[in-house]
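One line per chain: the protein sequences are C and F, in this order.
Mapping of the first sequence onto the numbering used here: position 6 corresponds to residue 6, and the numbering continues sequentially without gaps.
In the numbering used here, each residue's number is its place in the second sequence (first place is 1) plus 1000.
Read the hints as simulated data drawn from the structure, not as lab findings.
Treat the hints with care, since some could be wrong.
[Said to hold, decoys possible] Estimated spans, in silico, between C-beta atoms of each pair:
1) C/79 / F/1020: 39 to 47 Å
2) C/27 / F/1028: 25 to 33 Å
3) F/1041 / C/58: 20 to 28 Å
4) F/1079 / C/53: 39 to 47 Å
5) C/5 / F/1081: 23 to 31 Å
6) F/1111 / C/65: 34 to 42 Å
[Unchecked claim] Heads up, simulated DSSO-like pairs for lysine-lysine below, C-alpha to C-alpha not over 30 Å straight-line:
7) C/53 / F/1042
8) F/1042 / C/41
9) C/18 / C/38
10) C/19 / C/40
11) F/1101 / C/40
[What the hints assert, rightly or not] What the simulated footprint calls covered on chain C by chain F, stretch by stretch (three residues with Cβ under 8 Å from a Cβ of chain F suffice, anywhere in the stretch; the number is not a length):
12) 35-46
13) 50-60
14) 87-95
15) 100-114
All C-beta atoms, glycine included, are put in the ideal place defined by N, C-alpha and C.
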Amino acid sequence: DTEVTQTPKHLVMGMTNKKSLKCEQHMGHRAMYWYKQKAKKPPELMFVYSYEKLSINESVPSRFSPECPNSSLLNLHLHALQPEDSALYLCASSQQGTGINEQYFGPGTRLTVT
Amino acid sequence: GENVEQHPSTLSVQEGDSAVIKCTYSDSASNYFPWYKQELGKRPQLIIDIRSNVGEKKDQRIAVTLNKTAKHFSLHITETQPEDSAVYFCAASIGNTGFQKLVFGTGTRLLVSP
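With the hints as extra help, turn the sequences into a complete structure.
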């Protein structure tokens, strides 16, 4: 399996809802990333997990809560979001180890907050 | 922190022409420079990358050049085809711990007309 997969593809949620985004890869990658992409803008890094531990949190509001339950799975738990949080949420993964390793993106979850 | 500027924001060419997209970065410690292609509604796809110890890299119709002194890197696409139409993002990163913290440029919308 050479892909990063994400579910769901689309999500509409109210500001009081709790929902979760899921990302999965079976390439043996030990670094996993969450990005947020607004329309016509570049991806912006939110979180990085390295060997299932949170390594980078780019000052993301606490209404976004990441979780890495195992080396293949990455979740993003959403609670009390705002309409401005509507965006494409992209997951990526890369090998972990010495040197530079390419990042590969999943197809994203398009989130709409009403 | 790292800042990446990208020009032009839009580029229209005729099929068969060449296209050049330029990026500059601010942090001289950056050592990895990938380029991603993103078609409408799709994931960013890694198309080529270059490490800081290399000045040029080519893969069929695409090439990337890096000038570390000037902190410039460029994407060159020759013999453009309509299927090259997409948004292209450059990125720069600092990383030698095995995962890359990518900072993206603002994107270039390339339109190739038949």
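**Message:** Are any of the numbered hints broken by this structure? If so, which, sorted upward?
**Reply:** none
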